[in-house]
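Chains as they are written, first to last, in this note's numbering: chain X, 1170 to 1288; chain C, 6 to 451.
If you're looking for bench data, these hints aren't it; they were derived computationally from the structure. C-beta: ideal position from N, C-alpha, C; glycine also. Be aware that one or more of the hints could be misleading.
Claimed, not checked - What follows is a list of derived Cβ distance ranges for each label pair:
1. S1274(X) - E199(C): 44 to 52 Å
2. G1208(X) - Q176(C): 45 to 53 Å
3. G1208(X) - A186(C): 24 to 32 Å
4. G1191(X) - G384(C): 38 to 46 Å
5. V1187(X) - R93(C): 44 to 52 Å
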Amino acid sequence: MGLVQMDPSKDNPPEALVKAMGEHIEAAIAAGVFLDGGGLDGGAQCTEVRLAQGQVTTVDGPYAEAKEVVGGYSVLEFRSHEEAVEEARRLVELHHQHWPGWEGSVIVRRIWDGPPPQA
Amino acid sequence: MASDAPREAQAEVQAEVQARVTAVWRRESTRLVAALLRLTRDLELAEDLAQDALVAALEQWPGDGIPANPGAWLMQVAKRRAIDTFRRNATLRDRTAELARSLPTGEEAQVPDLDATLDHVEDDVLRLILLTCHPLLSPESRAALTLRLVAGLTTAEIARAFLARESAVGQRITRAKKTLAEHRVDLEVPVGQERTARLDDVMSVVYLIFNEGYTATSGEDWTRPDLCHEGIRLARMLAVLEPRHPDTHGLQALLELQASRLPARLDADGAPVLLEAQDRVRWDQLLLRHGLAALDRATAVAREREESIGPITAQAHIAACHARARTAEETDWPRIARWYDALSAAAPGPVVEVNRAVAHGRAHGPDAGLAVLDALAPGALAGSHLLPSVRGDLLARAGRHREAAGAFSAAISLTANEGERSVLRRRRAESLAADVGNAPSRTTSR
């Protein structure tokens, strides 16, 4: 799974990026690696439910204290961590190319497709 | 100069770049080989040129960094080498002339430019798959060549997946390429009836690759998930390349639905767990949803084109019935039995009948299942453990435990897979125990 983190104060992505991302996802579907994905709301409707010291608290987002929120996610299937990282690198390149001033990151996390390996 | 940097650090950088180059290769090789095939009309040469480009990347990227568009970089290098090769190689002179004639004159114009190359890319990949699954080749060769050229696996990886020696797989691939070259196989993507027939061949190969991973025919592992994943990837690719062919979506659905169960098919000790006993919480919900969506597409396309449901899509419907049941008890067996009847009509065969017997056994009682088996031609599926193991299951359900134990014994002697054998041994032991327990009443009642 790839999580795109970015500055929440950014406006909507420019047309060029949306188009480039569309093409990129088409290619990923054609390569048989794309499972699911989507954009996530910047945080106007975002609530964190938290358990700490036996107390359940809810905090409405967006978080002033956190500089970045998750702006989107995609679930892709690769044969190795390196291939997933290569995909993430391309996503960052696309943002760099089509969204002047954009800063952020793509975090690659593995979804377990079986029980965790035995220690 | 970086003489201060310890040698190990340099080696580490080298290794990291190599891992990244491999990752790029995995993503680009299919399209690279496919586009080069169109350019050169020569599979061997296309693969050599693509490999040369990879070697160049391994040499240059550690120093220069990985380019922003690595695929375009690899294509550019491969194209340049194609031009060089054509110029140098006297035996290819006529082809060079042909190529030169068909293109505008000028140094760089000898080969179509990159943008034009990329425009054709989906056709190129389809052409490549049709070629690697060519009917001239044996199913094993088709599978190996497809994994090599379309999935981008190395010969060593293919050998490991099929538990074969690397040299044997290498030879098989070389021979397959030679066969295609000798027969001067037509590289045009076929149309009409022929296209449908060839796509069916391609789908059988993809299914074969998946199945070899899902239920390994030999060896100690019951499943080899890597092969399953390659099969699914190829099926998804095919569904994008041929979206108007309902069965391509059906194949994708079938493989994804089957694979969604992979995490639950082995217990903590690595022993196989049969469908009914599986912990459904462990089924991969994302794959399951993906598979059901693909099945909807198959149904929609078939309806739109007014085509009847093909055998692969019928199998996907059966898999979907299982996928939708939250517990084994909730399984809609009468519906599954109906889909098996449809499958039996669309693609009759003893394997389908054996499975249909299972479905009817669950839906309408073991005697209904045994009746399906009894209708099979004598000697059908001789040498396979499938028939006796299903008969054993139905007999056990009918309470005929002694006969069931005999059937399981026959099945055990016919399978080479250790995982399956252990399941069958357990079933036989259960039948024997039940037979001892029931012995007096059973002998009086029959």
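To see whether the hints hold, each was checked on the structure:
1. S1274(X) - E199(C): 44 to 52 Å: Check passed, 50 Å falls within 44 to 52 Å.
2. G1208(X) - Q176(C): 45 to 53 Å: Given range 45 to 53 Å: holds, Cβ gap about 50 Å.
3. G1208(X) - A186(C): 24 to 32 Å: Taking Cβ atoms as reference, G1208(X) and A186(C) lie about 48 Å apart, which means the hint is violated.
4. G1191(X) - G384(C): 38 to 46 Å: violated, 57 Å
5. V1187(X) - R93(C): 44 to 52 Å: holds, 46 Å
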